[in-house]
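Student: Counting the sequence shown from 1 gives a position; our numbering is that position plus 38.
Careful: at least some of the hints might be erroneous.
Straight-line C-alpha distance at most 25 angstroms; calculated PhoX-like pairs for lysine-lysine [as the list claims (entries may be wrong)]: (1) Lys108 - Lys360; (2) Lys295 - Lys346; (3) Lys144 - Lys77; (4) Lys346 - Lys396; (5) Lys396 - Lys163; (6) Lys163 - Lys108.
No lab work stands behind these hints: they were computed from the structure.
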Amino acid sequence: MHNVMDPDVELGPGLPRGPDVIMDQMVNYTNFLRFISLKGVVDSIVVAEDSVLVSDAAWFSFQVTRSTIKMIFPHIMGHEWLVAMLVGQQVEAQGRSTFHFNPAGKCYRYDVEMNFVGAFLSIVKDPRVVDMLLGRALISYNGMLCVANEGEEDEEKAPVPLQDNTLSNTTGGSTVNTVQTSPTIEFCQRTVEDYFAAFAAGYEQGTTEYSGASQRDFFLYRFNSRQAGTMSTVADQVRERWYALSECFEVLAFQQKGPIQTELDDTSSSCLVESSATYALRLTFHTIQSVFPHLVSDTQLRNTLIGKVLTVPSQIIFSIEKTTGYISRISEWMDFAVAMADIIPDPLDLALVMSQAKLALDGVDFQQTSFIMASRSQGQTHTDNLERQQNDMHTGTGSRTMRIADILD
């Protein structure tokens with residue numbers, strides 16, 4: 039850096055000078071953003087009498103993190119709906135760098151232009167929100183981070199409310215927005231899409247870096263962790279529900295089906311988002327033991343079910359607070375009966391299978407199955423015996439002997 043830059047290299051009016059300042063900015067870009075890539079192409083060289091100007095077009099890609107918000111956009115820390123909208127997003131900003139070289143071959147002036155406005159507008163969509171975001175951001179006009187622009191001492195701009203800017207129809211005396219042009223609706227729909235992405239493979243307990251981090255961030259930033267007067271938060275309920283489902287079934291996939299429908303009622307404090315979904319759930323011996331325990335001794339039905347994959351349709355309604363962007367409720371209806379009918383077509387057998395199943399509207403009744411899951415390790419020997427017998431039946435290996443004690447142990 040010192041070999042290329044003049045010791046007194048100019049970086050902009052009113053800004054500190056020198057190559058060490060440039061090095062400090064490189065550190066800031068590394069620490070405050072999740073750096074992805076920086077590409078540049080020299081497209082202009084101008085030779086003057088006493089200097090040479092070299093200019094290049096640049097494309098800078100990065101991911102917004104919590105550190106980005108804290109260090110560059112601290113003025114939005116209290117607006118969690120906007121923070122949640124930004125964290126995790128990948129941003130690509132177009133820019134330009136111009137190097138001014140003196141006759142000694144040293145860069146005596148370094149100009150940087152970075153189009154952060156266009157970059158964030160591609161994500162946030164609403165110019166008012168972008169103005170709120172960048173108006174007091176700690177970014178100088180030449181792309182320096184954590185350097186406030188001169189004259190930026192005006193009052194903090196009021197947060198943009200999560201509403202309006204929609205065309206609406208009036209039904210039954212209340213106004214329901216139907217045209218999806220509002221930043222509120224876009225934010226709520228993105229929240230739902232993030233939910234499907236985070237739980238695409240079921241409940242992860244930190245075993246995979248990407249999925250674990252995705253779910254961890256979703257629980258941290260999409261739910262209010264401080265709910266007065268409640269025994270558990272919505273996040274706790276969602277976590278317990280997914281844990282029970284993934285413990286009792288092998289969750290192969292969780293996918294959104296069909297378009298997302300959003301209802302934004304001006305008389306309500308929440309935005310309602312409805313979506314269809316499907317679950318691909320493989321039935322294992324532990325599924326029989328925990329969800330269908332009445333079938334453990336029914337060899338025929340048990341053998342028919344184990345190894346099969348249920349495709350369970352579901353309807354989900356998300357309630358998202360307008361003022362904070364937090365998810366305040368998730369209501370779900372999973373239709374296990376329809377899915378099970380594809381495997382057990384006989385109505386009498388289907389009725390028997392579903393009659394005592396430990397299921398709830400939103401999946402597994404974890405209050406009824408928790409004691410079974412807790413005792414799973416205690417009965418592992420018994421489980422291994424029955425699973426080994428089941429595997430033998432599928433592989434067609436030699437003789438198999440099942441004793442009454444194996445079932446009634």
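Student: Hint by hint, say whether it matches the structure.
Tutor: Right, here's what the structure says about each hint:
1. Lys108 - Lys360: Satisfied, since the Cα-Cα distance of roughly 23 angstroms is no more than 25 angstroms.
2. Lys295 - Lys346: holds, 22 angstroms
3. Lys144 - Lys77: holds, 23 angstroms
4. Lys346 - Lys396: Measuring from Cα to Cα gives roughly 18 angstroms; hence the hint holds.
5. Lys396 - Lys163: Violated, at about 45 angstroms.
6. Lys163 - Lys108: Holds: Lys163 and Lys108 sit about 22 angstroms apart, inside 25 angstroms.
Going through the hint list in order, the structure does not satisfy hint 5, though it satisfies all others.
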